[in-house]
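Chains as they are written, first to last, in this note's numbering: chain A, 1 to 348; chain B, 1 to 384; chain C, 1 to 290.
Bear in mind the hints are in silico, worked out from the structure with no lab data behind them. A virtual CB, placed ideally from N, CA and C, is assigned to each residue, including glycine. Fair warning: there could be bad hints in the mix.
[Unchecked claim] With the Cβ distance kept under 8 Å, some of the chain C side facing chain B (calculated, not the full set): (1) A116; (2) I129; (3) G260; (4) K262; (5) D263; (6) E288.
[As the list claims (entries may be wrong)] Straight-line Cα separation of at most 35 Å, DSBU-like style, residue types lysine-lysine; simulated pairs: (7) A/K123 <-> B/K134; (8) B/K99 <-> B/K72; (9) A/K92 <-> B/K134; (10) B/K193 <-> A/K92.
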Amino acid sequence: MRSGTYKETYAQLVALTDSRLVWFWSAVLLAVLFVAPYYLNAYALSFLTLILITAMGALGLNILTGFTGLISLGQVGFLVTGAYAYAIAVSKFGWSPFAGFLLAALVPAVASLIVGAPSLRLKGLYLAITTMAFSFIINSVILEARSLTNGARGIRVRHPDLLGVGTAGDVAFSHLCLVFALAALFATLNLRRSRVGRAFVAIRDNDIAARAMGINLQSYKLLAFATSATMTGLAGALYGIYLSFVSVEGFPFLLSIEALAILIVGGLGSTLGAILGTVFIVLLPEATRLVFSAVSGGAGGLFTTGGQELKSILYGLVIILFLRFQPRGLVGAWHDLKRAWVNWPLRY
Amino acid sequence: MRRSRLASLLLAGTLLTCEPAVAEPGLTDTEILIGDVEPLTGPPALLGVGHTIGVKIAVAEINAAGGINGRKIRYVFEDDGYVTARTLQGLKKVIDVDKAFALLGLSGSGQSVAALPELEEAGIPTVISVGPVKPLWEPPRKNVFVVGQAYEEGIRQLVSYLADKNPGRKWGLVTQNDDYGIAVLDGFEAVVKAKNLNVVYEGSYKKGQQDFSSDILRVKDAGVEVFLAGGIISENVAMVKELEKLGVKPVIGIFWPGRIEPVIRLMGPPSDGIYAVDYVEPQASAAGQAFLEKAKAILPEAELKGVNRYTFAAYAAARTLFAAIGRCGKQPTWACTISELENTKDFATGTMAPISFGPGVRFSSQQLKIMRIDFATTSFKPVD
Amino acid sequence: MDYFLQLAVSGIAIGAVYGLLAMGFAAIYKSTGLVNFAQGEITMIVAYIAWTIATTVSGNVVVVSAGAIAAAVVLGLAIERIVMRPMLGEPVFSTVMVTIGLAVILRSSITFIWDAYPHALDLGTGRGIIRIGGLGVRGAQIAVVGTLLLLLAGFWLFFRYSKFGVAMRAVAADDRTALLMGISASRIHAIAWAASSVVAGIAGIFFAISYDLSPDMYQLGLKAFPATILGGLDSVLGSGFGGILIGLTENLAGGYLGSGVKDVAGFVMIVVVLMIRPFGLFGERDIERV
Numbered sequence: 001m002r003s004g005t006y007k008e009t010y011a012q013l014v015a016l017t018d019s020r021l022v023w024f025w026s027a028v029l030l031a032v033l034f035v036a037p038y039y040l041n042a043y044a045l046s047f048l049t050l051i052l053i054t055a056m057g058a059l060g061l062n063i064l065t066g067f068t069g070l071i072s073l074g075q076v077g078f079l080v081t082g083a084y085a086y087a088i089a090v091s092k093f094g095w096s097p098f099a100g101f102l103l104a105a106l107v108p109a110v111a112s113l114i115v116g117a118p119s120l121r122l123k124g125l126y127l128a129i130t131t132m133a134f135s136f137i138i139n140s141v142i143l144e145a146r147s148l149t150n151g152a153r154g155i156r157v158r159h160p161d162l163l164g165v166g167t168a169g170d171v172a173f174s175h176l177c178l179v180f181a182l183a184a185l186f187a188t189l190n191l192r193r194s195r196v197g198r199a200f201v202a203i204r205d206n207d208i209a210a211r212a213m214g215i216n217l218q219s220y221k222l223l224a225f226a227t228s229a230t231m232t233g234l235a236g237a238l239y240g241i242y243l244s245f246v247s248v249e250g251f252p253f254l255l256s257i258e259a260l261a262i263l264i265v266g267g268l269g270s271t272l273g274a275i276l277g278t279v280f281i282v283l284l285p286e287a288t289r290l291v292f293s294a295v296s297g298g299a300g301g302l303f304t305t306g307g308q309e310l311k312s313i314l315y316g317l318v319i320i321l322f323l324r325f326q327p328r329g330l331v332g333a334w335h336d337l338k339r340a341w342v343n344w345p346l347r348y
Numbered sequence: 001m002r003r004s005r006l007a008s009l010l011l012a013g014t015l016l017t018c019e020p021a022v023a024e025p026g027l028t029d030t031e032i033l034i035g036d037v038e039p040l041t042g043p044p045a046l047l048g049v050g051h052t053i054g055v056k057i058a059v060a061e062i063n064a065a066g067g068i069n070g071r072k073i074r075y076v077f078e079d080d081g082y083v084t085a086r087t088l089q090g091l092k093k094v095i096d097v098d099k100a101f102a103l104l105g106l107s108g109s110g111q112s113v114a115a116l117p118e119l120e121e122a123g124i125p126t127v128i129s130v131g132p133v134k135p136l137w138e139p140p141r142k143n144v145f146v147v148g149q150a151y152e153e154g155i156r157q158l159v160s161y162l163a164d165k166n167p168g169r170k171w172g173l174v175t176q177n178d179d180y181g182i183a184v185l186d187g188f189e190a191v192v193k194a195k196n197l198n199v200v201y202e203g204s205y206k207k208g209q210q211d212f213s214s215d216i217l218r219v220k221d222a223g224v225e226v227f228l229a230g231g232i233i234s235e236n237v238a239m240v241k242e243l244e245k246l247g248v249k250p251v252i253g254i255f256w257p258g259r260i261e262p263v264i265r266l267m268g269p270p271s272d273g274i275y276a277v278d279y280v281e282p283q284a285s286a287a288g289q290a291f292l293e294k295a296k297a298i299l300p301e302a303e304l305k306g307v308n309r310y311t312f313a314a315y316a317a318a319r320t321l322f323a324a325i326g327r328c329g330k331q332p333t334w335a336c337t338i339s340e341l342e343n344t345k346d347f348a349t350g351t352m353a354p355i356s357f358g359p360g361v362r363f364s365s366q367q368l369k370i371m372r373i374d375f376a377t378t379s380f381k382p383v384d
Numbered sequence: 001m002d003y004f005l006q007l008a009v010s011g012i013a014i015g016a017v018y019g020l021l022a023m024g025f026a027a028i029y030k031s032t033g034l035v036n037f038a039q040g041e042i043t044m045i046v047a048y049i050a051w052t053i054a055t056t057v058s059g060n061v062v063v064v065s066a067g068a069i070a071a072a073v074v075l076g077l078a079i080e081r082i083v084m085r086p087m088l089g090e091p092v093f094s095t096v097m098v099t100i101g102l103a104v105i106l107r108s109s110i111t112f113i114w115d116a117y118p119h120a121l122d123l124g125t126g127r128g129i130i131r132i133g134g135l136g137v138r139g140a141q142i143a144v145v146g147t148l149l150l151l152l153a154g155f156w157l158f159f160r161y162s163k164f165g166v167a168m169r170a171v172a173a174d175d176r177t178a179l180l181m182g183i184s185a186s187r188i189h190a191i192a193w194a195a196s197s198v199v200a201g202i203a204g205i206f207f208a209i210s211y212d213l214s215p216d217m218y219q220l221g222l223k224a225f226p227a228t229i230l231g232g233l234d235s236v237l238g239s240g241f242g243g244i245l246i247g248l249t250e251n252l253a254g255g256y257l258g259s260g261v262k263d264v265a266g267f268v269m270i271v272v273v274l275m276i277r278p279f280g281l282f283g284e285r286d287i288e289r290v
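Construct the complete structure from the given sequences, taking the supplied hints into account.
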């Protein structure tokens, strides 16, 4: 039984984990995630795929908001930029999907330098509003640049062939998403324990102190924006492929709010929290649907369409109640659980 | 064993695992399962709920008459909240989990277009009636049928009609900045070229805009005499009220997505004489009244207020589909249903002109009607 | 000239609606340090309640306004007591998230309790058109601007002279010291929520009279939030002004530059203003200590 942690070197302190057990279970989870698509039906698989794509976007926002403390309401702007970069490259110009993904990473990153510029002067909600402004402005730009984007018509996107392997089927596509999500996860985890990641956290905790410690605020804030946008842009490209159709309407502003919701419900600033939050928020509508159909199924009302709205009410209620009883988010609940497990039968 | 454990591990056992299909899916000895995905929550519920009510009327009617060759119809629908990703998920659910035999629907036009690859891959017979847009039938897909008329054609006929009635006038148009708006604009510009109309104002607004004061002021400033309001519901109301405020009275035309009766009351007296175009019977016509009578007999009071043009359209689509399944006899299959849908010829539903498809024709190209608002009776009256 | 005046007048009228909502945002932020993402939804609910009163009880303006304002007070207090107060002392982000959850509930309850069709709020007044020279304005549009000005003056006096107003400023400045001085923070919060919901409700009613009720009315919140930021998050008066500025900018841009620019113009202006004044036009600059 582990009864505490003793770290003697910096290497130990920044290691991803000090426990072999964690590695083991991670490997098991990975294996399950790899095998699961073969056994799940298309509907269940769509949740898995959506979780993987959303997790990537959430991890991207986590770098910006969770690590660096820059609140963004413009996440959907990066998502849509990435999706269009991919769609234009692959569907319009007929370039290889690799070029598409490369652009989906680069274009949002470049855009983020423009969006990030106000962050050098603005803080908190004032910054949030400029990022929100960006996401609305980018939509207008996309709608106006008809020759490149087809305007409101949108662009049809096919599932790509990568190195001769088709991803047309749901299974292959979910594997593609798994690869991307894993890459994003490892990038985030390693970033967090590097010099750059520590600088981000220092900026979040107190930017003036961070500056006094020799952290260049300008370049690190912009770097946070660029990394976040890259990851989100790639998630956007995957989301576009998933929808098979990229249009401004497929990326409503609501997604920006949902991204923040994922981080907060998961536990702000924690990578594990971002993942848990994603699973929670993606599956919540399905959970409310099940409760709803279980309850209304008995009543058997063929004609009670108005009651559908109860699902959304339930959705809001769950979020409120959850935060009421676990304000530190899912990651807080996870830590409580772990502590209870280790200390049982004692409370502390 | 392992299957079920994996599934429960991932989704707490809420979602069933794949079972290989034995016969045609959605078919039992006593039932035929029809699937649908519609926005049932949020503002777009207006069309989603209206649509599902139409299907329910058709289902109730056919079940009361003993079903299709002895099998009762069961109608399952998923809510997508008008979010494309959820439309796709809902589709996967009705196809793979519920195992529907055929589909009706499907949500908005953008959602239907996004669903096409999924529909084609599944090969399930589908009749779309909510958002008829060209990409749905050009090129024709084997299993996807569209009941309705293209926006472009609707606009073309309305504008041609108005142009003949009002020769030599100045034209103006405000459209929504999405695929619907583009279709409207395309149709409009085709007539403008053909009839050489004098267009003095063309503007667009962002979906969700609520205040149209500057847009309509420009319309007034340009001296527009024939005005096409390309909004959906509240946008058209706002535009007409703004015209009233500015004291201009152009000839006004609106299109079918916003042609619901409550609009008339909201616009008030200025709505009198506004032209509209639709392929669905107006409620005030004899056929419309007959359908409403039928609906009243079947629907509970609470659902009646949800009846609108989408109910009419859905009813026609559902009847067409059921008739095709019926012609397949005791053991309907997807292949037979598709070929019978193709054989649909002058099928009368009462809520719109007779419906026909044909070999390689997946679009029923409904006959259009021009109508006018009669404010005194808050109704749309057909124009002779 | 008429063209410009007409644009300006309708811009100010819609801006006043944004302004009222923005004041609601600022009132809550100032006293609780929270952004209430359910502001637009509260506006919508109060307007729908007003409609219900108008169609079932009486269409009289006084009855409807009194009923709706009472309902707004109850709504604000109920939200504060049931939803927000248990979150006192919890992380700010979680608390803000709770208002997002609240927004979802309120938004859905519109189509649940009422329906998805648009409705007209007819109180027998305010819908008529008043013509001044070549200009056309609806009565409610003039009234909303007047109300905004009155409320601005009222809030100024309130914060300056009333005991509660001073207490609110004290809580905003330093809630711990305020507590030590014997100010009840939870009472201040309750007042802020009630006031904010009344102001938002008034905006909703005026909007519903001059436009219509529809279940996507909550999007007014999306316009008003930027207005609050523009005016300065902690400045109730500045927020009201910010709303007018946004309405005006959007309408002038829509009228002179083209309809595609209308929506973006407001945002571009905000970004530019914030780059020059990072705490909004009337916001107070934070003094940071390390």
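Hint-by-hint comparison with the structure:
Taken as an interface hint, C/A116 checks out: its beta carbon lies about 4 Å from the nearest beta carbon of chain B, inside 8 Å. Proximity of C/I129 to chain B holds as hinted, the smallest CB-CB distance being about 5 Å (cut-off 8 Å). Interface hint status for C/G260: upheld, as the beta-carbon distance to the closest one in chain B is roughly 6 Å, under 8 Å. Here the hint on C/K262 is kept, as its CB sits about 6 Å from the closest CB of chain B, short of 8 Å.
Below 8 Å, beta-carbon pairs count as interface contacts, and C/D263 has one with chain B at about 4 Å; its hint therefore holds. A distance limit of 8 Å between C-beta atoms decides the matter here; for C/E288 the minimum to chain B is near 38 Å, and the interface restraint is violated. With a C-alpha separation of about 47 Å, the suggested pairing of A/K123 with B/K134 is violated against the 35 Å cut-off. Our distance criterion of 35 Å between C-alpha atoms is met by B/K99 and B/K72, whose separation comes to about 16 Å.
Annotation: proposed proximity of A/K92 to B/K134 holds, straight-line Cα distance about 20 Å (limit 35 Å). A distance of roughly 29 Å separates the Cα atoms of B/K193 and A/K92; the hinted pair therefore holds under the 35 Å criterion.
Comparing the model with each numbered hint stated earlier shows that hints 6, 7 do not hold.
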